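*Asks:* The primary structure of each chain is shown beneath.
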Amino acid sequence: MKIAISAKGTELDSTVDPRFGRASYFIIVDSDSGRILDVIDNSSGKEAPHGAGINAAALVAERGVDVVLTGRVGPKAFSVLSAGGIKVVSEMEGTVKEALERFLKEKPQYSKGPNGDGHFSG
Amino acid sequence: MKIAVASGKGGTGKTSVAVALTLSLNGDVTFIDCDVEEPNAHIFINPEITSKRDFYLEVPEIDEKRCNFCGKCREICRFNAIVSFKRTIMAFKDMCHSCGGCFLVCDQKAISPGKRLVGEILHGQGKGIDFFMGRLRVGEAMSSPLIKELKKEALSEKNGFFVLDAPPGTSCPVIKTVRDVDYVILVTEPTPFGLYDLSLAVKTIGELSIPMGVVINKAGLGIDDEIRNWCRKNHLRVLMEIPFSREIASSYSKGQSLVHADEGLKEKFLMLVKEISG
Chain A
3 MKIAISAKGT ELDSTVDPRF GRASYFIIVD SDSGRILDVI DNSSGKEAPH GAGINAAALV
63 AERGVDVVLT GRVGPKAFSV LSAGGIKVVS EMEGTVKEAL ERFLKEKPQY SKGPNGDGHF
123 SG
Chain B
515 MKIAVASGKG GTGKTSVAVA LTLSLNGDVT FIDCDVEEPN AHIFINPEIT SKRDFYLEVP
575 EIDEKRCNFC GKCREICRFN AIVSFKRTIM AFKDMCHSCG GCFLVCDQKA ISPGKRLVGE
635 ILHGQGKGID FFMGRLRVGE AMSSPLIKEL KKEALSEKNG FFVLDAPPGT SCPVIKTVRD
695 VDYVILVTEP TPFGLYDLSL AVKTIGELSI PMGVVINKAG LGIDDEIRNW CRKNHLRVLM
755 EIPFSREIAS SYSKGQSLVH ADEGLKEKFL MLVKEISG
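Sequence order for the protein chains is A and B.
Numbering-wise, our numbering comes out as the position in the first sequence, counting from 1, plus 2.
Numbering-wise, our numbering comes out as the position in the second sequence, counting from 1, plus 514.
Derived from the structure by calculation, the hints contain no laboratory data.
Be a bit skeptical, because a hint or two may be false.
Here are the computed lysine to any residue pairs in the SDA-like style, where the Cα-Cα straight-line distance is at most 20 Å [said to hold, decoys possible]:
{"no.": "1", "chain 1": "B", "residue 1": "Lys579", "chain 2": "A", "residue 2": "Ser33"}
{"no.": "2", "chain 1": "B", "residue 1": "Lys607", "chain 2": "A", "residue 2": "Arg65"}
{"no.": "3", "chain 1": "A", "residue 1": "Lys107", "chain 2": "A", "residue 2": "Leu61"}
{"no.": "4", "chain 1": "A", "residue 1": "Lys48", "chain 2": "B", "residue 2": "Ile590"}
{"no.": "5", "chain 1": "B", "residue 1": "Lys607", "chain 2": "B", "residue 2": "Arg580"}
{"no.": "6", "chain 1": "A", "residue 1": "Lys89", "chain 2": "B", "residue 2": "Lys579"}
{"no.": "7", "chain 1": "A", "residue 1": "Lys99", "chain 2": "A", "residue 2": "Ser33"}
{"no.": "8", "chain 1": "B", "residue 1": "Lys600", "chain 2": "A", "residue 2": "Val69"}
{"no.": "9", "chain 1": "B", "residue 1": "Lys600", "chain 2": "A", "residue 2": "Leu61"}
{"no.": "10", "chain 1": "B", "residue 1": "Lys607", "chain 2": "A", "residue 2": "Lys89"}
{"no.": "11", "chain 1": "B", "residue 1": "Lys607", "chain 2": "B", "residue 2": "Val619"}
{"no.": "12", "chain 1": "B", "residue 1": "Lys586", "chain 2": "A", "residue 2": "Ala50"}
{"no.": "13", "chain 1": "B", "residue 1": "Lys600", "chain 2": "A", "residue 2": "Arg65"}
{"no.": "14", "chain 1": "B", "residue 1": "Lys600", "chain 2": "A", "residue 2": "Lys107"}
{"no.": "15", "chain 1": "B", "residue 1": "Lys607", "chain 2": "A", "residue 2": "Ala50"}
{"no.": "16", "chain 1": "B", "residue 1": "Lys586", "chain 2": "A", "residue 2": "Ser33"}
{"no.": "17", "chain 1": "A", "residue 1": "Lys48", "chain 2": "B", "residue 2": "Val619"}
{"no.": "18", "chain 1": "B", "residue 1": "Lys600", "chain 2": "A", "residue 2": "Ser81"}
Pair by pair, the computed Cβ-Cβ distance ranges are [stated by the list, open to error]:
{"no.": "19", "chain 1": "A", "residue 1": "Gly87", "chain 2": "B", "residue 2": "Asp608", "range": "45 to 55 Å"}
{"no.": "20", "chain 1": "A", "residue 1": "Asp34", "chain 2": "B", "residue 2": "Tyr710", "range": "36 to 46 Å"}
{"no.": "21", "chain 1": "B", "residue 1": "Gly653", "chain 2": "A", "residue 2": "Glu64", "range": "23 to 33 Å"}
Computed from a predicted structure; not experimentally measured.
By construction, the Cβ of each residue, glycine as well, lies at the ideal position given by its N, Cα and C atoms.
Whenever a hint applies, use it, and build me the whole structure from the sequences.
*Replies:* Below, the structure written as structure tokens:
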């Protein structure tokens, strides 16, 4: 299973970025081996004035990810992830490694909807 | 002549000044309420609305059967209003700024123009004033296109005297409102916030090279001298001071204009107009 975790850095020891759309990086990990498969640099999307969540969700979906672990996901990002068949676990914190372990061990519930407000500024 | 009343800070008395100015001119004036997010000039002018129309923006409608998921529409969209990946394509119509780029780049003719209701434009007459206002749909985030359309309609036919009531702030909706006007009256109040936001507004209007002057509302309330000194230092004319008075507040609460509370202000507003048009 391919798991994408929103992160402030590029390592397993990096902190989970609580914001999905404006996360600095997405670390994609193979849950069987625990190894990093890919790191997505979200720096351009992070600075987007509009639709950061939509863009981030598409970046993750393109990589064929199965699950996203993050802090908060807004409504638009959530709908894109859902369309891509990607499950979301929100309210994650700590390091990437800790989030991953918690997900594999505790099997927390998948989010049924967004848990963050959408942001928009005209 | 087109005069816009703006402020920077909200609640300084833009609408009060704009309405009072309009009423002082005794007819043959067009009033345009460009504060489409929360228009309120109609409360004071009380016009009879004679026409009302909806305003829409053109947004992408996607035919998934025709789409080959090439991703060109996503690439061209600066607002992330279209997303495509693998065999999925989605359009977020509320993010769309209606640039039309996606229609042009689609080779498959999979994108056709749909529409999103942005708001409405109302027109009427009251107290001898030709009155226009825009009202943004609740939930809509983009007010600038509605302001643009409102101005197009209100300014279309005649040459005359126009008073435009601007939204607060210094961002796009304000710029849309003041663009092409002959003069901007900046209303401020003698508070630190009033002065700070005035300084932002002056920078914005200065950038657009539009002549401007200042009206100090609620004068006597606080840092009056600081405001006057700041204006002098920045070569800004203080056009008028309106006292902080209980009578004005009381008549405001009843939906009556400044000039209703203080008839003498009419003369002052007429002089103000003479001063800025001369």
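*Asks:* Now, for every hint given, state plainly whether the structure supports it.
*Replies:* Each hint tested on the structure:
no.: 1; hint: B:Lys579 to A:Ser33; in the structure: violated (35 Å)
no.: 2; hint: B:Lys607 to A:Arg65; in the structure: violated (25 Å)
no.: 3; hint: A:Lys107 to A:Leu61; in the structure: violated (27 Å)
no.: 4; hint: A:Lys48 to B:Ile590; in the structure: holds (18 Å)
no.: 5; hint: B:Lys607 to B:Arg580; in the structure: holds (19 Å)
no.: 6; hint: A:Lys89 to B:Lys579; in the structure: violated (26 Å)
no.: 7; hint: A:Lys99 to A:Ser33; in the structure: holds (11 Å)
no.: 8; hint: B:Lys600 to A:Val69; in the structure: holds (17 Å)
no.: 9; hint: B:Lys600 to A:Leu61; in the structure: holds (11 Å)
no.: 10; hint: B:Lys607 to A:Lys89; in the structure: violated (24 Å)
no.: 11; hint: B:Lys607 to B:Val619; in the structure: holds (18 Å)
no.: 12; hint: B:Lys586 to A:Ala50; in the structure: holds (18 Å)
no.: 13; hint: B:Lys600 to A:Arg65; in the structure: holds (9 Å)
no.: 14; hint: B:Lys600 to A:Lys107; in the structure: violated (31 Å)
no.: 15; hint: B:Lys607 to A:Ala50; in the structure: holds (17 Å)
no.: 16; hint: B:Lys586 to A:Ser33; in the structure: violated (33 Å)
no.: 17; hint: A:Lys48 to B:Val619; in the structure: violated (26 Å)
no.: 18; hint: B:Lys600 to A:Ser81; in the structure: holds (15 Å)
no.: 19; hint: A:Gly87 to B:Asp608: 45 to 55 Å; in the structure: violated (24 Å)
no.: 20; hint: A:Asp34 to B:Tyr710: 36 to 46 Å; in the structure: violated (58 Å)
no.: 21; hint: B:Gly653 to A:Glu64: 23 to 33 Å; in the structure: holds (30 Å)
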